[in-house]
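Chains as they are written, first to last, in the working numbering: chain A, 1 to 394; chain B, 1 to 165; chain C, 1 to 106.
Treat the hints as calculated values from the structure; they're not laboratory data. By construction, the Cβ of each residue, glycine as well, lies at the ideal position given by its N, Cα and C atoms. The reader is advised that the hints may include incorrect statements.
Computed list of lysine-lysine pairs in PhoX-like fashion (alpha-carbon distance at most 25 angstroms, straight line) [claimed, not checked]:
hint, chain 1, residue 1, chain 2, residue 2
1, C, Lys105, C, Lys32
2, C, Lys60, A, Lys142
3, A, Lys115, C, Lys105
Just a few of them, taken from the derived set where beta-carbon distance is under 10 angstroms, the chain B residues facing chain C [claimed, not checked]:
hint, residue
4, Asp2
5, Met88
6, Val118
7, Ile158
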Amino acid sequence: MNFFILSLIKAGLIAFVLLTTLAYLQWIERKVLAHIQLRVGPQRVGPHGLLQPLADVVKLLTKEDLLPPYVNKFFYMLAPFLAVTVALIAISVLPFGPEIEVFGVKTWMQLTDLKIGVLVVLGLSSIGVYGVALAGWASNNKYSLIGGLRSSAQMISYELPLALAIAAPLLLSNSLSFREIVDTQAGYYFGVIPRWNVIPQIFGFLIFMIAAFAETNRIPFDLPEAENELVAGFHVEYSSMKFAAFFMAEYANMVTVTAVATLIFLGGWHAPFPVEYGSGFIPTLLFVGSGAIALYHGLHPARPFDRITLPITGVVFFGIGLLFLVPVLQPILLPLFWFTAKTGALLFVYIWIRGTLPRFRYDQLMKFAWTFLFPAALLNLLITALLVAVFPNQ
Amino acid sequence: MDAPLFLLFAFIAVASAISLVVQTHPISSALSLVGVMVSLAVLYLLLGAEFIAAAQIIVYAGAVMVLFVFVIMLLNAGTEHKSSKSPMVKWFGIPLLVVFIGVISFIVQGMLPKSALVVFGTFTQGGPLEVGRALFTTYLLPFEVTSILILIAIIGAIVLARKEI
Amino acid sequence: MPLLPAAVPLSWYLLLSAVLFSLGVAGFLFRKNIITVFMSIELMLNAVNLSFIAFSYHLKQVDGQIFSFFVMVVAAAEAAVGLGIILTVYKNRSTLEIDEIDSMKN
């Protein structure tokens, strides 16, 4: 098939799925946070608040787009645009699954594979800081300015441990292309334990995740937008769609970072144990099990509307579970399932930590980066390099 | 596709460079320089220097320029004042600049063969593997020397940042 | 003859490099803010890098890219020290205008 048409279809598909994910990630975050804090979360719009993201989009679109008179107009407009564009571009080099065949067309579940894919993601994440820094500066507001300053200092500081933590597994995989990195993680030690980079690189993984939290400005490193000291930091002067752009950029960055962690450390789309031991049935079991629980609760409803919503959910889950058993769909759905499951688990950790940890103080943040995280990442890289040099064949 | 891409990004680079020179606010200049660097990175890709393009984005646009922007924001530098120098600078400088570019372009056109076209994809030795191999074999000594240079720069920056000076 | 050639000659890259370098020189001479002057130097270094990489393509050797890599590393080190100096100057004189930093002048 024509390369351009194929790329266009894939780009459209990825953009659609990504934007839906971003919208619903926010719903999931609100729900999970609510349950951590013993609340119920959004509940009014649609069953269990499922249509809340839609309502939010309508609200953000129809809100008045304020342009404060004292801002630097060009940079004020440029900043959210830059932030969201850079955040979304990074997705284009990430693979979601192996090569598949749909209607006789062979293609990778990835927009494009680059020899320097990892470097591209790193570069885009380092460009992303301009969005935040410019927003803080152009708003001409002291809280925004402090937010922007904090953000740029924090991003530069945490980029180092992030890059060093990535470098160690790259030594093991001997490539900078995401596809090849995932390929080297296929297979199992002793036939059971997966050959994921996270096993020899557990410290690298932890350092990467900590630095990634700081890079995406999330709690406990959300100093650029600390609500209770800087009001909202760099985006205090933004409203309507411009605010939504920053919001979207933050969630897109979260998705990118967790996807990169999955690809580099957690073996991408490879199952955690071999197919011979039945890893192919895990998704079916999970979906059918959750469907059964939903059906059970539908038959013994706690609230009147559960009588309708829960059985529907149960039947849908049964259907999805059975889809995983269709032999034609299996090579497409199974890798996608494992990739999504790992990324989703990491995203859940993000939300979990947001509901659990308090914010760092600024000096603690810098001290932690330079006196602990950076030396630890360097040491990890040195030891890995030494081991790779001494035992070249693993 | 080579020519339109080159022309587009060359135009962006030159426009950003002019903007760097004529803007009076340092932040505008800094952002213009980022524009130059990003468009140059695209041109590096066209020339087959993948690794250098990525390094350009990560090191130059992502670290060095963020440092510039940080310092400008920290010092809250305002717009420049009008120069008190004589207007001779402008009257002679700009024509001289044009003459300089003209002479250089004449020399370059004369020295290089007209047939030396840049076709994307004909030179693929700019990946991380080749650059790394050259760095750690032929250019090992300069590489180690730069690491010492960076160490000196770090120490220098820390000494300068101390309060007493 | 088509409006645009399919590929551009190597000399165009070198011309672009020359133009950027000249603009860097112009910025270095005309501007009075220390930070902008410093950024003009960075622009000149970038222009030189483009030349290096264009010649690396022309000679089909990776060496030119190594040179531009070294230029980048040196520029990063230079930026760290230079910005440190600028911060110190600003702390002592609270100005960034080059013309006003003239205490060494008789």
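Violated hints - listed by number, lowest first: 2, 3, 5
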